[in-house]
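Novice: Listed here are the chains, written in short residue letters.
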Amino acid sequence: NAGVTQTPKFRVLKTGQSMTLLCAQDMNHEYMYWYRQDPGMGLRLIHYSVGEGTTAKGEVPDGYNVSRLKKQNFLLGLESAAPSQTSVYFCASSYHHNTEAFFGQGTRLTVV
Amino acid sequence: AQSVTQLDSQVPVFEEAPVELRCNYSSSVSVYLFWYVQYPNQGLQLLLKYLSGSTLVESINGFEAEFNKSQTSFHLRKPSVHISDTAEYFCAVIFYSSASKIIFGSGTRLSIRP
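Top to bottom, those sequences are chains E and W.
Note that my numbering has the first sequence beginning at 1, numbered continuously upward.
Note that my numbering has the second sequence beginning at 1001, numbered continuously upward.
No lab work stands behind these hints, which were simulated from the structure alone.
Hints may contain errors.
Stated by the list, open to error - Quick list of in silico lysine to aspartate or glutamate cross-link-like pairs, EDC-like style, CA-CA up to 20 Å:
#1 K1078/W - E1066/W
#2 K1101/W - E100/E
#3 K57/E - E30/E
#4 K1101/W - E59/E
#5 K1049/W - E100/E
#6 K9/E - E30/E
#7 K9/E - D38/E
#8 K1101/W - D62/E
#9 K1069/W - E1058/W
#10 K71/E - E100/E
#11 K1078/W - E1058/W
#12 K9/E - E59/E
#13 K1101/W - E30/E
#14 K70/E - D26/E
#15 K1069/W - E1020/W
#16 K1101/W - D38/E
#17 K1049/W - E1020/W
#18 K71/E - D38/E
#19 K1049/W - D1085/W
#20 K1101/W - E52/E
#21 K57/E - E79/E
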């Protein structure tokens, strides 16, 4: 049982480059989330999805886009990376809004 | 705006001493409450949760948290900590009015001294 899988685990980008972070869950969860974790700031919600084909903005959505074309996958895109987007990104999923969220292992992204 | 506050960014304690990690949230509306733990270089794992019922909830490794509606708090406690409890702890809240979003506190780093 893989749970929530994020790829890649590490990435270094140059300013202005684009990339997509992949999140896959095998638990048939409806809800999926993308967070960024920065020192002293906890986890901040970037975007989330309450089901296949739906997405919504979270607390810090600027500079990111997402897609949920399949229920099990939630993609996070950076169109033009900036140094301020250097962070650790976590994907999470949950069956329902009031149930436990399961987290991936994180993606450490550095933008130079 | 709805928010979650963890008052201590770092808590150093000696092994076998008791510890309390504090968590307050911004609104007295109905909430779901969670504590997550993050060990170094790992993702977050659920430690315990309060959805309804008894206001005192316990985890399998000796932690407990008490929901206090009047104080809008959900403090985490353990009577005797172990070196293996060294980690960062995050309080998280789902406010009924924004049911799809889990809001996290900024985290408390618990360091255990032998």
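Novice: State for each hint whether it applies.
Specialist: A quick look at each hint next to the structure:
1. K1078/W - E1066/W: holds, 12 Å
2. K1101/W - E100/E: Holds, because 12 Å separates the two Cα atoms, which is no more than 20 Å.
3. K57/E - E30/E: Within the cut-off at roughly 16 Å; holds.
4. K1101/W - E59/E: Status holds; Cα separation ~10 Å.
5. K1049/W - E100/E: holds, 8 Å
6. K9/E - E30/E: With Cα atoms ~24 Å apart, K9/E and E30/E exceed 20 Å; violated.
7. K9/E - D38/E: Roughly 16 Å separates the two Cα atoms, so the pair holds.
8. K1101/W - D62/E: Since the Cα atoms of K1101/W and D62/E sit roughly 17 Å apart, the hinted pair holds (cutoff 20 Å).
9. K1069/W - E1058/W: Given that 20 Å is the threshold and the Cα spacing comes to 18 Å, the pair holds.
10. K71/E - E100/E: This hinted pair holds, its Cα atoms lying about 18 Å apart.
11. K1078/W - E1058/W: holds, 10 Å
12. K9/E - E59/E: violated, 23 Å
13. K1101/W - E30/E: holds, 13 Å
14. K70/E - D26/E: Holds: K70/E and D26/E sit about 12 Å apart, inside 20 Å.
15. K1069/W - E1020/W: holds, 18 Å
16. K1101/W - D38/E: holds, 19 Å
17. K1049/W - E1020/W: Between K1049/W and E1020/W the Cα gap is close to 16 Å, so the pair holds against 20 Å.
18. K71/E - D38/E: Given that 20 Å is the threshold and the Cα spacing comes to 28 Å, the pair is violated.
19. K1049/W - D1085/W: At roughly 18 Å apart (the allowed maximum being 20 Å), D1085/W and K1049/W satisfy the hint.
20. K1101/W - E52/E: holds, 17 Å
21. K57/E - E79/E: Since the Cα atoms of K57/E and E79/E sit roughly 16 Å apart, the hinted pair holds (cutoff 20 Å).
The structure fails hints 6, 12, 18 (numbered hints given earlier, in ascending order).
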